[in-house]
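J.: One line per chain: the protein sequences are A and U, in this order. Take the first sequence: its letter number 528 is residue 528 in full-length UniProt numbering, and every next letter is one higher. Take the second sequence: its letter number 432 is residue 432 in full-length UniProt numbering, and every next letter is one higher.
Note that these hints are calculated values from the structure, not bench results. Take these hints with a grain of salt, some might be off.
It does not matter which identical chain is meant; a pair holds if it fits inside one copy or across any two.
[What the hints assert, rightly or not] Below, a list of computed lysine-lysine pairs in the DSSO-like style, where the Cα atoms sit at most 30 angstroms apart:
(1) LYS436 with LYS3
(2) LYS112 with LYS3
(3) LYS291 with LYS476
(4) LYS436 with LYS414
(5) LYS255 with LYS314
(6) LYS404 with LYS463
Protein chains: 2
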Amino acid sequence: MSKDRLYLFDTTLRDGQQTQGVQFSTAEKVQIARALDALGIDYIEGGWPGANPTDSAFFDAAPKTNARMTAFGMTKRSGRSAENDDVLAAVLNAGTGTVCLVGKSHDYHVTKALGISLDENLDNLAASFAHIVAQGREAIFDAEHFFDGYKANPDYALQCLHAARDAGCRWIVLCDTNGGTLPDEIGRITRAVIDSGIPGSHLGIHTHNDTGNAVAGSLAAVDAGARHVQGTLNGLGERCGNANLVSLIPTLLLKPQYADTLDTGISPESLRDLTRISRQLDDILNRVPVKTAPYVGASAFAHKAGLHASAILKDPATYEHVDPSVVGNERIIPMSNQAGQSNLRKRLGEAGLEVEPGTPALGAILNQIKEREAQGYSYDTAQASFELLARRELGLLPEFFEVKRYRVTIERRKNKRNQMVTLSEAVVVVKIGGEKKLSVSESMDASGQDRGPVNALANALAKDLGPYQKFIDDIKLVDFKVRITQGGTEAVTRVIIDSEDSSGRRWSTVGVSPNIVDASFEALLDAVTWKLVREGAKAP
Amino acid sequence: MSKDRLYLFDTTLRDGQQTQGVQFSTAEKVQIARALDALGIDYIEGGWPGANPTDSAFFDAAPKTNARMTAFGMTKRSGRSAENDDVLAAVLNAGTGTVCLVGKSHDYHVTKALGISLDENLDNLAASFAHIVAQGREAIFDAEHFFDGYKANPDYALQCLHAARDAGCRWIVLCDTNGGTLPDEIGRITRAVIDSGIPGSHLGIHTHNDTGNAVAGSLAAVDAGARHVQGTLNGLGERCGNANLVSLIPTLLLKPQYADTLDTGISPESLRDLTRISRQLDDILNRVPVKTAPYVGASAFAHKAGLHASAILKDPATYEHVDPSVVGNERIIPMSNQAGQSNLRKRLGEAGLEVEPGTPALGAILNQIKEREAQGYSYDTAQASFELLARRELGLLPEFFEVKRYRVTIERRKNKRNQMVTLSEAVVVVKIGGEKKLSVSESMDASGQDRGPVNALANALAKDLGPYQKFIDDIKLVDFKVRITQGGTEAVTRVIIDSEDSSGRRWSTVGVSPNIVDASFEALLDAVTWKLVREGAKAP
Numbered sequence: 001m002s003k004d005r006l007y008l009f010d011t012t013l014r015d016g017q018q019t020q021g022v023q024f025s026t027a028e029k030v031q032i033a034r035a036l037d038a039l040g041i042d043y044i045e046g047g048w049p050g051a052n053p054t055d056s057a058f059f060d061a062a063p064k065t066n067a068r069m070t071a072f073g074m075t076k077r078s079g080r081s082a083e084n085d086d087v088l089a090a091v092l093n094a095g096t097g098t099v100c101l102v103g104k105s106h107d108y109h110v111t112k113a114l115g116i117s118l119d120e121n122l123d124n125l126a127a128s129f130a131h132i133v134a135q136g137r138e139a140i141f142d143a144e145h146f147f148d149g150y151k152a153n154p155d156y157a158l159q160c161l162h163a164a165r166d167a168g169c170r171w172i173v174l175c176d177t178n179g180g181t182l183p184d185e186i187g188r189i190t191r192a193v194i195d196s197g198i199p200g201s202h203l204g205i206h207t208h209n210d211t212g213n214a215v216a217g218s219l220a221a222v223d224a225g226a227r228h229v230q231g232t233l234n235g236l237g238e239r240c241g242n243a244n245l246v247s248l249i250p251t252l253l254l255k256p257q258y259a260d261t262l263d264t265g266i267s268p269e270s271l272r273d274l275t276r277i278s279r280q281l282d283d284i285l286n287r288v289p290v291k292t293a294p295y296v297g298a299s300a301f302a303h304k305a306g307l308h309a310s311a312i313l314k315d316p317a318t319y320e321h322v323d324p325s326v327v328g329n330e331r332i333i334p335m336s337n338q339a340g341q342s343n344l345r346k347r348l349g350e351a352g353l354e355v356e357p358g359t360p361a362l363g364a365i366l367n368q369i370k371e372r373e374a375q376g377y378s379y380d381t382a383q384a385s386f387e388l389l390a391r392r393e394l395g396l397l398p399e400f401f402e403v404k405r406y407r408v409t410i411e412r413r414k415n416k417r418n419q420m421v422t423l424s425e426a427v428v429v430v431k432i433g434g435e436k437k438l439s440v441s442e443s444m445d446a447s448g449q450d451r452g453p454v455n456a457l458a459n460a461l462a463k464d465l466g467p468y469q470k471f472i473d474d475i476k477l478v479d480f481k482v483r484i485t486q487g488g489t490e491a492v493t494r495v496i497i498d499s500e501d502s503s504g505r506r507w508s509t510v511g512v513s514p515n516i517v518d519a520s521f522e523a524l525l526d527a528v529t530w531k532l533v534r535e536g537a538k539a540p
Numbered sequence: 001m002s003k004d005r006l007y008l009f010d011t012t013l014r015d016g017q018q019t020q021g022v023q024f025s026t027a028e029k030v031q032i033a034r035a036l037d038a039l040g041i042d043y044i045e046g047g048w049p050g051a052n053p054t055d056s057a058f059f060d061a062a063p064k065t066n067a068r069m070t071a072f073g074m075t076k077r078s079g080r081s082a083e084n085d086d087v088l089a090a091v092l093n094a095g096t097g098t099v100c101l102v103g104k105s106h107d108y109h110v111t112k113a114l115g116i117s118l119d120e121n122l123d124n125l126a127a128s129f130a131h132i133v134a135q136g137r138e139a140i141f142d143a144e145h146f147f148d149g150y151k152a153n154p155d156y157a158l159q160c161l162h163a164a165r166d167a168g169c170r171w172i173v174l175c176d177t178n179g180g181t182l183p184d185e186i187g188r189i190t191r192a193v194i195d196s197g198i199p200g201s202h203l204g205i206h207t208h209n210d211t212g213n214a215v216a217g218s219l220a221a222v223d224a225g226a227r228h229v230q231g232t233l234n235g236l237g238e239r240c241g242n243a244n245l246v247s248l249i250p251t252l253l254l255k256p257q258y259a260d261t262l263d264t265g266i267s268p269e270s271l272r273d274l275t276r277i278s279r280q281l282d283d284i285l286n287r288v289p290v291k292t293a294p295y296v297g298a299s300a301f302a303h304k305a306g307l308h309a310s311a312i313l314k315d316p317a318t319y320e321h322v323d324p325s326v327v328g329n330e331r332i333i334p335m336s337n338q339a340g341q342s343n344l345r346k347r348l349g350e351a352g353l354e355v356e357p358g359t360p361a362l363g364a365i366l367n368q369i370k371e372r373e374a375q376g377y378s379y380d381t382a383q384a385s386f387e388l389l390a391r392r393e394l395g396l397l398p399e400f401f402e403v404k405r406y407r408v409t410i411e412r413r414k415n416k417r418n419q420m421v422t423l424s425e426a427v428v429v430v431k432i433g434g435e436k437k438l439s440v441s442e443s444m445d446a447s448g449q450d451r452g453p454v455n456a457l458a459n460a461l462a463k464d465l466g467p468y469q470k471f472i473d474d475i476k477l478v479d480f481k482v483r484i485t486q487g488g489t490e491a492v493t494r495v496i497i498d499s500e501d502s503s504g505r506r507w508s509t510v511g512v513s514p515n516i517v518d519a520s521f522e523a524l525l526d527a528v529t530w531k532l533v534r535e536g537a538k539a540p
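Chain A on its own, in the form it takes in the complex (with noise of 0.2 angstroms):
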């Protein structure tokens, strides 16, 4: 049986620049671009050119893409031709092969918002949309608060739709404009277009996250006989963001009910670049990536509960709906206060350490795995220093050098222009073998900006290790969490580090004192520690 094609419509670029807090360059659109159509993507909704000047210039600077690159803009305005409407030409000059334009289809909008009659509107977007065929673009358009208006006024809804069709329109999306039309309805009324006369094979579906069922509504959609769907990378977009395209598209390609029906587009070899897309995305953010995020979440796979653990163990589809490999994520499974020797050798095994049952070591790092998260660690997470841990009991960690002393000094004072400035320095000493090294740093970023006590300790740790200097050069703090784990003046500080070298891998790393900086510094020191043994470095 042949399958029924089933577009997908980016649009991280256009609504997922609404987001709170984000706002893209030019390069970062292109660099998101790239990733989006590597992904096999149908269409990429790259801006709104006219409407701001990263949009426009992102047009200008498009990459070459087997995906169809798409403006956006809005229908004509009343009053003028579409040829004569200045707004609509500046998304036409974009040059784009396909052009999505936002229309109205709400009775209650048109009157209230536009303030025009709703006959009028039936020929703006007939106009609109004649006019970008017959310059021989593909058009699309996005039939915004359309859930709410076939409500209101169903019969005026569906002469929206038709208007956007008759004048040859390739795709109508019926948008959740307010995120607040929940699944089942969705399903029904995407039942009642294409009963209306619009195929299932014209029509897409673009949701919002404001009840929490962004990817169930557009699921809906499909399921009623929508063949486009509209969403976002990692579910950006205002509010509550868009439908989350990384949680949709590998529902679509696993699950058999669709998986039997659809095709994407979308290869189980592009489907393996998944999780590193998402994260990609969070990088250029300068966001923490959700560990929770379905599919490709760092928790997505982590399994803590005792029982399930070691279900887990025996078969993995106990306790996973998909292998995490088809989506380029991991499994987990924590060392958390239940786990047993098996979990434990199963998480050395994936450290590269393959101890056999009963060895005795196994007992201890047991034990004090328990005594340290007793004193407030927490191996969750800082999967590193876990194996820092246990490489220390089993006699498999070289002794590569010895920190003898610390000093950091926070100062804040004026400076010569009178402004009050804070200055942070460390100084560290190790010995290497026979021979002991002094580093002093600052903590100043490039912008002259003081970044306080822990970066000064990581530069001056990671400044000369002598013969380790070249395999430590490439590490980079990545994060870096506080969590305090009693409270009061008794306050226990731990701390988790996320390092990164330049080979893209990522690891954590925890330390445990009352005082912040000691906490700090021992995670540094497992951080450059585990990067050692990573790089087979040798003691002196």
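Put chain U on the given structure of chain A with help from the hints.
T.: Coordinates of chain U only, in the frame set by chain A:
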């Protein structure tokens, strides 16, 4: 028409505790239980007594609630009677009126994971629930892997449910344990269960978010007739989390298709606490609240797009599916401050500052708050720092003293007995009137343990403030919270400090800086200054 009762079952304290990186203390569990009870949740699942010490301790300390406190456990094991199963006995010994047991309903898991016959499992289910009911407890069956089990062997899966029901179970809960079942399947299978003779008034749903559809799956089961929904606050839970009650509750109360036919027992007044409760949980977990969270996120009603923002000013319903105030959230529109000023005056009044409407300082205060919140400050909890900011703008803050400079040194080195020890020392220089005062302090507690640089700074700052000393001698640092407000190397640290004096008065102050010590110092300084204001101290 009388409405059907829909029961809400919260498992934040049990399944929510399976979240990677989450480990509640007993005190935190009590605090969360109180919040759930105030919200009007029907069932609070407190944990698995006997499985870990915190859960057992919680049931000993559990607060008196209107909600039905529920202990979790598993059905009796084979080869012993329900009366002689020690795991089950520990669950019953918690003394809760309701007991929820997880048991198998998927044939594969019975034979593979338990290694017993299908009939034996049915006997275990019947015996376990009969035993609970005989003890006068309300019984709930969490049918693990039910949807996968139904797809594999519908007859057997249904037999398991009926065995529990016939033994007197109040609720049969259909669990999508792996989170892979899509909403339309959940709806279809729930209807099949009802058709098999278990009425919806005895059926519950328990979903996970592995495909991003946990909320939609719960709604699909309710649509099919289920009248008990399990979930967690903020969607905590193993892997991608459980169904998020914070998203579900407003949908059930505000959307006509549910509000007109179902009664959840949650009042409109309680619903207005939802945003606060959601953020309180994040505070307890020291997490940054998710801005894009449906209904309660800080961005959930933020309107960035120019077109949207101007339409919102004409009529909020144009781009909002519900009114933000009904869930205790706020609309955010750039350049709108009408609502802002009256809220602000209300808050100032709470701090004893009566300000006339239209006073120009009000606009200046709002701008300051906005600017500082963009830098990472938060005045939600740090009331004392908010008051100081407002007093400064209103010209109501005396200049008690000036900090000229401070210096903190943290040193780790070997002591005389060749042990590595950490020492912190702080010097603070202030000017009071014309007089300069230098103070120095270490940070040792009574046991000789270093408590870190922030303690050293607090001690030095409060050591000698001359004429003010009598006002500040009784300040105690009682809590210290650190949060990184931006990820990566550009991390900015927010410190919130809670202080207390001998009268039992408590106040919170905030500091923000890339340098954690500097952020702490700012919060300490506010703590001292606020106390001087409260004591009516005069500038020198």
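J.: Does each hint fit the structure? Answer for all of them.
T.: To see whether the hints hold, each was checked on the structure:
1. LYS436 with LYS3: neither (69 angstroms within a copy, 78 angstroms between copies)
2. LYS112 with LYS3: This pair counts as neither: shortest intra-copy Cα distance 43 angstroms, inter-copy 36 angstroms.
3. LYS291 with LYS476: Both: 20 angstroms inside a chain and 27 angstroms across chains, each within 30 angstroms.
4. LYS436 with LYS414: Classified as between: cross-chain Cα gap 15 angstroms, same-chain 35 angstroms, threshold 30 angstroms.
5. LYS255 with LYS314: within (23 angstroms within a copy, 44 angstroms between copies)
6. LYS404 with LYS463: within (16 angstroms within a copy, 33 angstroms between copies)
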